[in-house]
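Position chains B and C against the provided structure of chain A, taking the given hints into account.
Top line first, the protein sequences correspond to chains A, B and C. According to our numbering, the residues represented by the first sequence are 1 to 295, in order. According to our numbering, the residues represented by the second sequence are 1001 to 1435, in order. According to our numbering, the residues represented by the third sequence are 2001 to 2322, in order.
Hints were generated in silico from the structure; no laboratory data involved. Careful: at least some of the hints might be erroneous.
[To be verified] In silico EDC-like pairs for lysine to aspartate or glutamate, Cα to Cα no more than 20 Å straight-line:
#1 B:Lys1046 to B:Asp1121
#2 B:Lys1046 to C:Asp2197
#3 C:Lys2106 to C:Glu2122
#4 C:Lys2313 to B:Asp1381
#5 C:Lys2080 to C:Asp2229
#6 A:Lys250 to C:Asp2148
#7 C:Lys2196 to B:Asp1121
#8 C:Lys2106 to B:Asp1167
Only a predicted model underlies this, so the values are computations on that prediction, with no experimental measurement involved.
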Amino acid sequence: MIEIKKTLPIRIILLSALFFTTLCGLAQEKEKITPTVTLQYLKNSEDQRILHAVLTYSKDRMEIPLQGFGISFFKGTGKELVTSVVTDSKGIATVEIGKDQKLASDSKGMWTFSSEFKGNDTIDACTAEVTVKDVILEVSLTGDSIRTVTLRAFSLENGKEVPAKGEVVKVGVPRMFSQLPIGEVTLDDSGSGSLEFPSDLPGDKDGNLTIIAKFEENPTFGNVEKINIVKWGIPSDYTKPTVHRALWTKVAPRWMIITLTILLSGVWGHYLYAVISLVRIRIDARKKEKEEHRL
Amino acid sequence: MQADNKLLKDLTPEIENTSYRWYAVFFIFLVFFAIGIYGLIQQIDKGHIVTGMRDNVVWGFYIVNFIFFMGLSYSGALISGVLHLFGTQWRKPIIRMAELITVISLVIGPFFIFFCIGRLDRLYFLFIYPRIQSPITWDVIAIMTDLVGCFIYLYLSFIEDFAILRDYADLNVPEWKKKLYRILSLGFTGTEKQLKILGNARTIMSAMIIAIAIIVYSVLAWIFGVTLQPGWHSTIFGPYFVIAAVYSGTGLLIILMWIFRKIYHLEEYITRRHFVNVGVLLTVIAAFYGYFTFSDYLTKWYGSIKMDSILIDKLFTEYYSLFIFANYIGILLPGIIIAFPKFRTIPNITVAAAIALLALWVNRYIIVIPTLETPFLPIQDTRPAWINYAPTWVEWALTIAGVSIFAMLFMLISKIAPIISISEMQEKDKEEILH
Amino acid sequence: MKEKEDNENAHSSRRSFLRKMGIGAGAVTLAGIGATSLVKSNESGSQSGTTIKLLTTDGQLVEVDKNDIRPAKELLAEKKSEARAGLPNRKFAMVIDLARCKNARKCVEACQEGHKLPKDHEWMKLYLLQDDEHTAKYWFPRPCFHCDKPMCVSVCPVGATFKRQDGIVLVDNQRCIGCKFCMTGCPFSARVFNWKDPEVRLEEGQIYDPETNIPAVEGTVGKCVFCADNLRRNELPRCVTACPMGVIFFGDLMEDTVTNGNETFRFSKLMYDRAGYRFREELGTLPSVYYLPPTQRMFPVERGLDDADENIKGRYKSAGPR
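Excised from the complex, chain A in its bound form (with noise of 0.2 Å):
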């Protein structure tokens, strides 16, 4: 039904990316760039529906990205246009589904989304396509000195609860550069699990933890994610590393300075009683060459 296609070594993939590619450009010419699209579909926290696109080429094993170009975005299986949008400097482009828009799903119950990058006289077109099924994620922090995370999961079929069951949920939390995974839930018959979480965790200054609780990837529903924010963290302390007065620093320790001073004043005062004395002498054959002028 899909294809999926892992390309090459974009390590860092985005923040809960859903990862269906299409490689397309049947008739390529000698010189034109055979360009991939991937699309991913996510819903975030606030419910938002968003679609990402990705446009890229590979050139010695590098995957480079394609600046500039639009992206048609379409939903359902009739293609109905969405909107069009130009890729940024990493080839990627977003959009929303807003809520007002209507989402006609198969009869599964599925949504399908896909999109379009119609190609140029140096470059193939391309497509990609994704489709989901909605899904209701539920996230509920308990607990003092055991802390848990419940998860619960769903999809509405005609009204009806449905439960997300055997599916795993992931739960991490968002750190600089990536997100330090704290374990892998999966959901049991009623769609609900549950995780401990660890209680030695640094946080910000304030003990503040943002834990993210997500699908990733999943063939059925997608990127899924529900973000809390809660002070499970410890205190950090950010006051520690910066040091004063150091070697290192770029003020010196006091007792250098005493030091340097001490030494420096008994050694030019020296100086000075030397250099008084020759203007003692001075002023001494001044008096005697006055004198001698007198008699």
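Structure of chains B and C alone, referenced to chain A:
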């Protein structure tokens, strides 16, 4: 002030007229100096790539020369400072020479640091962005202090001589020189009061010179000592460098005594007694210096921390002959010459001093280079220059230029000032000084 | 040397040129920086309504709003003070997993490319170490350790190299006088000297940035910068992303997290599980780079020489006895 006519003529051989020989010798040194300048221009133009220094051995001949020249300045601190304080009489004919060595070498030394610096055009950053924590800043402060102090001290010792030259009516010199003597003598006439003031100032300054000389050389040693490098990170480095400096200064003094005695026929004033006395001093210092050297290497070898034993292995293989020359011959030879009375001739003592001096230069070389060739992480490189240091012609040329400018400055000063202090020599106890 | 002076002189001649055009000294530009680089829109985006004519380096006369103009000199100073301060509330650290390294040298190449280094300058260096003849050889990538008690910073006489609040040690090569004391101070040979003109010039519109150390300057010192420019954009250092084996992990110790781009670990757990250590702890410089010992290696050590060219092979004729 009046002085014995003969004394004056003898001690200021070059003031009245200039010999052809003077010009010839000066020209030869000038040529060497010019070659050095050409080398320096090459270095500034093409970068430090023209030197033998590379990423591992980042300090080479220049730093060795810097330490060496700074060390020479100790002759003044020792002879004029220590001996002045103890009131030793026999030192008087050589006191002026020692002081001149001090000031001249102190002026030349820092130039080798300038050659070593990658961005000479930013040298003034040392003054506008100083960091007190850096031993280089300590060094800048200490050297400047030392220079000023030595100039003051030298000048104090010159005043009486300038007064004598000013009052010496028959001196056949151009008018500008006479005027110079008049200004520089400050109207000194040798009254009791003036002599007392001058004497006090000289005593105070001689004490200062000793103190600051110890500080300068310790600071220099700490540039190496404070780092973590094997062979450098040693608590003994401060005193070790100080004693090595005194040793080299004394050695150079003997050589200069010999040269001036020969050229200016000062046999009457600088006698065998002076050579033997300074020679004994040299031996005593050699003993101290040998003791420090032994103690430093013994603890490193016995404790055999891995990096130290790698370094000592290197010293006893690649650097074997240099090590033996610097730390055995250079230390033992002066002692052997002085120990046996029949060896104590003027040429023998001079040769021993010259070898000791050379050995000290080599000693600095094997302190600086082998350590940089044994970093904590092994040098894994295919470029020979990165593995072993080999000085290029530019570094040789600048080294020779340093020696040349030392000689040239000495020659120039001998044109305007007595190289043996007249005032010290004409004191009543002249007999005692000379015999 | 001459050329450099010219470059600096061009600065003042440009100033006088602009004066002649009737533009105030506020619009001073450094040579080689086009007017476009001066244009940095204010956050408020306020427009003064008055425009100023500027001549770009390629000879075009452009008109820009007065409020949009920032003198390049000011930008440089701003960049430098930013670079000196570092990122707030961060403490960066690197973890290198010796079990995974096979001397692929991708980290070295990415670093050289990213920092426009000459081919013989390696900020990241690969050693083949063997502590003793009875112990095993292992590959040892060595970046700058960005020590917490950095000897190189302590000994610098002019404050050209400095330690930032986020733990990174950088060099300002416009301040460096090239005394090389830092090179003898560093026990890890992490620093390289520009013995000759590296022939790296700024691109049109760029300003020197200590966080990349581009362009390198003859007679000054360079070294690994932990890709401080990337960190500012929340991107990993170049060596980390370039490594095909995921050898190098990087992260913020305040967050107790390190990542190689693919895998993310708690730093403290990784240290515990894999017996992490720092190289030559006894020297007391407190490096920010940690090593995981080469246990259960992913590759035999000889594999590191398979694809190496002759020059590289020549380096490792004998493994270091450290």
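Hint check:
1. Note on lysine 1046 (chain B) and aspartate 1121 (chain B): the hinted pairing holds, with a Cα-Cα distance of about 15 Å set against a maximum of 20 Å.
2. With a CA separation close to 8 Å, the supplied pair lysine 1046 (chain B) and aspartate 2197 (chain C) stays within the 20 Å bound.
3. In summary, the hint linking lysine 2106 (chain C) to glutamate 2122 (chain C) is supported, as the alpha carbons are separated by about 12 Å, within the 20 Å threshold.
4. With a CA separation close to 10 Å, the supplied pair lysine 2313 (chain C) and aspartate 1381 (chain B) stays within the 20 Å bound.
5. Among the hinted pairs, lysine 2080 (chain C) with aspartate 2229 (chain C) is consistent with the structure: their alpha-carbon atoms are about 12 Å apart, no more than 20 Å.
6. For the proposed pair lysine 250 (chain A) and aspartate 2148 (chain C), the alpha carbon gap of about 14 Å is at most 20 Å, so the pair holds.
7. Simply put, lysine 2196 (chain C) and aspartate 1121 (chain B) have alpha-carbon atoms about 16 Å apart, close enough for the 20 Å limit, and the pair holds.
8. For a cut-off of 20 Å, the pair hint linking lysine 2106 (chain C) to aspartate 1167 (chain B) is broken: about 81 Å separates their Cα positions.
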